[in-house]
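Student: Generate the whole structure from the sequences, applying the supplied hints.
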Amino acid sequence: MTGTIIYKELLDHLQSLRFMVGFVLCVILTVSCVIILTHDYSQEMRDYSIRLSMNDDFLEHYAHTNRVRGVLRAYKPPEEFRPFVIGVPRDADLGSFDDNPLPAIFPPLDLLFIVTIIMSLLAILFSYDAVAGERESGTLKLMVSNSLSKAKILLGKWIGGTVSLVIPFLFSILAGGLYITIHPNVKWDSAAWASFFLLILASVTFISLFYLLGILVSASSRFSSTSILTSLFLWVLLVLVLPNLSPYVAAQLYRIPSVNKVEREAMRLTNIERDNLGRKLSKEVNERYEQQYGQIFTEYQSLSKDEVRRRVAADPGFKAMHEAYRKEFYQAWDEANRIQREKADKLRSELVTKADRQNKIAKTLACISPYADFVYVATDLSGTGLRSLSYFKRVSGEYSGLINKYLSKKSEEAAQKDPTFNENTFLDVSDRPRFSYKEEPLKDRLEGVLPYWGILIFFNVVFFAGAFVKFIRYDVR
Amino acid sequence: MLRTIIKKEILENLYSYKFTVITLLTAVLVLTSIFVMYRDYELRLENYEILRPTAKQPVAIIPPTPLSIFAKGLDENMGRSYEIRFGGQVMVGSKQQSVNSLFRLFTAPDLLYVVKVVMALCAMLFAFNTVTGEKEAGTLKLSLSNKVGRTVFLTGKWIGSFASFIVPFLLAVILCVILVTLSPMVQMDGEKWLKLGLFLFSSLLYLAVFFSLGFFISCLTHRSASSLVISLFLWALLVFVIPNLGNITARQFVEIPSVERLEEKREQIWIKEVFEILNKETRSEPDFKNALSNINSENARLIDDYRGRFNRLVDITKGITRFSPTAAFTFLATDLAGTGLLDERRLKQAVLQYKDLVWDRPIDSGGNIIGDFPAFSFQRCPLPEVLSADGFINLIVLILFNIIAFSAAYVAFLRYDAR
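Each protein sequence line maps, in turn, to chains A and B. For the first sequence, my numbering assigns the number 180 to the initial residue and increments by one for each residue that follows. For the second sequence, my numbering assigns the number -8 to the initial residue and increments by one for each residue that follows.
Possibly wrong hints are sitting among the right ones.
Simulated pairs of lysine-lysine, DSS-like, Cα-Cα distance not exceeding 27 Å [claimed, not checked]:
| no. | chain 1 | residue 1 | chain 2 | residue 2 |
| --- | --- | --- | --- | --- |
| 1 | B | Lys271 | A | Lys588 |
| 2 | A | Lys440 | B | Lys339 |
| 3 | B | Lys256 | A | Lys255 |
| 4 | B | Lys86 | A | Lys255 |
| 5 | A | Lys506 | B | Lys271 |
| 6 | B | Lys86 | A | Lys539 |
| 7 | B | Lys263 | A | Lys588 |
| 8 | A | Lys462 | B | Lys271 |
| 9 | B | Lys280 | A | Lys484 |
| 10 | A | Lys498 | B | Lys271 |
| 11 | A | Lys255 | B | Lys263 |
| 12 | A | Lys572 | B | Lys256 |
| 13 | A | Lys533 | B | Lys86 |
| 14 | A | Lys498 | A | Lys484 |
| 15 | B | Lys256 | A | Lys584 |
| 16 | B | Lys271 | A | Lys589 |
| 17 | B | Lys256 | A | Lys589 |
| 18 | B | Lys263 | A | Lys584 |
| 19 | B | Lys86 | A | Lys572 |
| 20 | A | Lys617 | B | Lys256 |
| 21 | B | Lys132 | B | Lys(-2) |
| 22 | A | Lys596 | B | Lys263 |
| 23 | A | Lys459 | A | Lys522 |
| 24 | B | Lys86 | A | Lys440 |
| 25 | B | Lys263 | A | Lys484 |
| 26 | A | Lys484 | A | Lys459 |
| 27 | B | Lys271 | A | Lys596 |
| 28 | A | Lys589 | B | Lys263 |
| 29 | A | Lys522 | B | Lys86 |
| 30 | B | Lys47 | A | Lys459 |
| 31 | B | Lys47 | A | Lys440 |
| 32 | A | Lys484 | B | Lys271 |
| 33 | B | Lys86 | A | Lys525 |
Read the hints as simulated data drawn from the structure, not as lab findings.
Tutor: Here you go:
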């Protein structure tokens, strides 16, 4: 009997105006988005290649240890899911003079928007009259007056309605997937396809949630007109209001110090104060060597690079003094760098700890809304969210460590070959370790999103239970 | 007769469930939005006071505008500090919100957002069954069977319904504006009041567009359920799809280098010059000056190239998105509040002019320019300039949408089968 109800609900929806309008809108939007975003993705890949070769070309001519660490960084390629999900804009906080502020005014359209706004609205439209509408048309009392249990009716309505909602969604997203498959610039591996199917599953959970909300409200109302207004009211609160309020409320509840002030102080510590300390320590080294070597050292300081090379090659005693002095000189500056970097790091880590706490509060507040939970699930699964950014930070930090070791080794080797080698001399880094980015394993991403997915499932259960309780007590006359 | 119809509409709405729900939603949203954005404004003002430069710092920074409480727009971006460093480089400070990653995922819930998204939906919900509802109840044919003309009937319904929709919204907004402007932190002068007034007026125009569209759809259909479906989809199309899709479509016509590429190029420019100068056997004052001048001119070239492309992108985006009243309203509201693309462009030009004034002074070992610097000054765009730039066009677009929507509703109603 449940099967019959499911079939009846399916037929009802498939023949309705809302299904046709929803189907057309969904397909047109999804396919247009995917085509446009895929083109964007191709442009971004091109831009990424240009950046890599610009970087290689620059290092071929201007690599040196003092300033090149900023250039020898890890480059993140465009996320392979960009044709579907834009996620967190990467350049939002680069602090660039030439940024593009348009996305702040008009957030771009992607699959996330289609699911969270269009499909959830469609779900409300499909379900608001599931109970109240049948009561108004008189068919509900006919159904219930038979040996059909209310539980089976509700279950049938839920499954039939959700399936009829999922049809346009699946059709659109698979059309998008087909476009991706044939596009020459998009190459997805099995992990990407697995993420894609998990994303579809998460979307179905989200859509089902709103369908159940509509049924719950319908089972609490006598009239469809009341039901639709209440459903839309709740939809506005859950989708448009609560998530957007959460970071602002969190910023009020837990304040953090001025980011710019901390940055300026950290810069001052690692630049001006570092220079002053470095000069002081290196002056002590100079004074020690002046005392120890006297006139020889004073002469040494005024020699040109070529003269130093000649003396080092000819005089072993001079060579010993030169190498010992250079070692202590750089140790003095390394010490200055270390001390000041520790102070700056302490400042920054205090800020980061406080920011993390504010972040946690905002995330927890936003979790009340299923919209926010779905956004976390979708962006983290697709590798376009905050988790991916943190993962990249970790991985690029490891690469920086590797590069630092490589540069130290190269500098030592170069210094042994050329006694006048310093931090501003050209260094050949063509054999440097190259950064190759691999997305975080799907298993780890899935583990990370399970709590939020769990919340979505929990909402499904709560709304179904609420609808069930309301429907049991519903007066069908 | 017109007055009777208006009175009847108002009374009918006052007793209806939709009026209760929509009024409650309006009140809660407007109050919450303005309260939250006011506190956000306070935080930004505090941050500005902390970062305010002394005479020894070549830093350009502007305070947040109180009108950003109502339309935040790009004010967070514009409130960053711009420090001029050696070689004319402009170092941009981080946004205070940059440490909380959730700000990147969600939109600012300011009054502009409430009006353009939620109130537009409420306007359509108010209007979607004005005609179909009466037809289903059987009262439409009774009303029209008397000597009341369709024109008078439609006009009376429109005015009565719109009045019952808009009055609670206006009351909530005016109350919040009064409360907020009483705060000593919110300094409003005559021009800001005028801009705020114009912002509210354009909100009314904008909501009237959606109200008329709801009316029009109601006059096209014979069942409230059909009218509702079409209204909701039209709302989604006009409020989200056209503006947001227009934004990504415009990018297909103008290729813009990524922000990352520009930043990397900038870094390479100054490292190259410093490297070359430090590796010279003999270095003189003119050599240093030359190097700094090269950095400045290379950066200026990058900026010019980027700005040219970006301005073209903005023009194309505006051209595409103006098919939606939401885009026209957003541009107008943010420009009036001084938080839109117009002021963003002017600010960056002002920063570049300030940079040209101070960049070639002596520098210390940390690359900081030293000396006494004139204070950076910037005035947000005055109202006449806002209107002459794009504001007037956007206002005309909204008025045109109103005329078209109402005319379409009128024509559809004249042909409507009331039986």
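Student: None of the hints should be skipped; say for each whether it holds.
Tutor: Checked hints:
1. B:Lys271 - A:Lys588: holds, 26 Å
2. A:Lys440 - B:Lys339: holds, 22 Å
3. B:Lys256 - A:Lys255: holds, 16 Å
4. B:Lys86 - A:Lys255: holds, 22 Å
5. A:Lys506 - B:Lys271: Roughly 24 Å between the alpha carbons, so the hint for Lys506 of chain A and Lys271 of chain B holds.
6. B:Lys86 - A:Lys539: Holds, at about 19 Å.
7. B:Lys263 - A:Lys588: holds, 23 Å
8. A:Lys462 - B:Lys271: holds, 24 Å
9. B:Lys280 - A:Lys484: At roughly 25 Å apart (the allowed maximum being 27 Å), Lys484 of chain A and Lys280 of chain B satisfy the hint.
10. A:Lys498 - B:Lys271: holds, 24 Å
11. A:Lys255 - B:Lys263: With Cα atoms ~24 Å apart, Lys255 of chain A and Lys263 of chain B stay inside 27 Å; holds.
12. A:Lys572 - B:Lys256: Answer holds: Lys572 of chain A to Lys256 of chain B is near 21 Å, not above 27 Å.
13. A:Lys533 - B:Lys86: Given pair Lys533 of chain A, Lys86 of chain B holds - Cα atoms ~16 Å apart, limit 27 Å.
14. A:Lys498 - A:Lys484: Holds, at roughly 13 Å.
15. B:Lys256 - A:Lys584: This hinted pair holds, its Cα atoms lying about 25 Å apart.
16. B:Lys271 - A:Lys589: Measuring from Cα to Cα gives roughly 23 Å; hence the hint holds.
17. B:Lys256 - A:Lys589: holds, 25 Å
18. B:Lys263 - A:Lys584: Cα-Cα ~23 Å, so holds.
19. B:Lys86 - A:Lys572: Holds, because 19 Å separates the two Cα atoms, which is no more than 27 Å.
20. A:Lys617 - B:Lys256: holds, 25 Å
21. B:Lys132 - B:Lys(-2): Within the cut-off at roughly 19 Å; holds.
22. A:Lys596 - B:Lys263: holds, 24 Å
23. A:Lys459 - A:Lys522: holds, 18 Å
24. B:Lys86 - A:Lys440: Cα-Cα ~11 Å, so holds.
25. B:Lys263 - A:Lys484: Measuring from Cα to Cα gives roughly 21 Å; hence the hint holds.
26. A:Lys484 - A:Lys459: holds, 24 Å
27. B:Lys271 - A:Lys596: holds, 21 Å
28. A:Lys589 - B:Lys263: Between Lys589 of chain A and Lys263 of chain B the Cα gap is close to 20 Å, so the pair holds against 27 Å.
29. A:Lys522 - B:Lys86: Between Lys522 of chain A and Lys86 of chain B the Cα gap is close to 23 Å, so the pair holds against 27 Å.
30. B:Lys47 - A:Lys459: holds, 25 Å
31. B:Lys47 - A:Lys440: This hinted pair holds, its Cα atoms lying about 16 Å apart.
32. A:Lys484 - B:Lys271: holds, 11 Å
33. B:Lys86 - A:Lys525: holds, 21 Å
Hint check: no violations occur; every hint is consistent with the structure.
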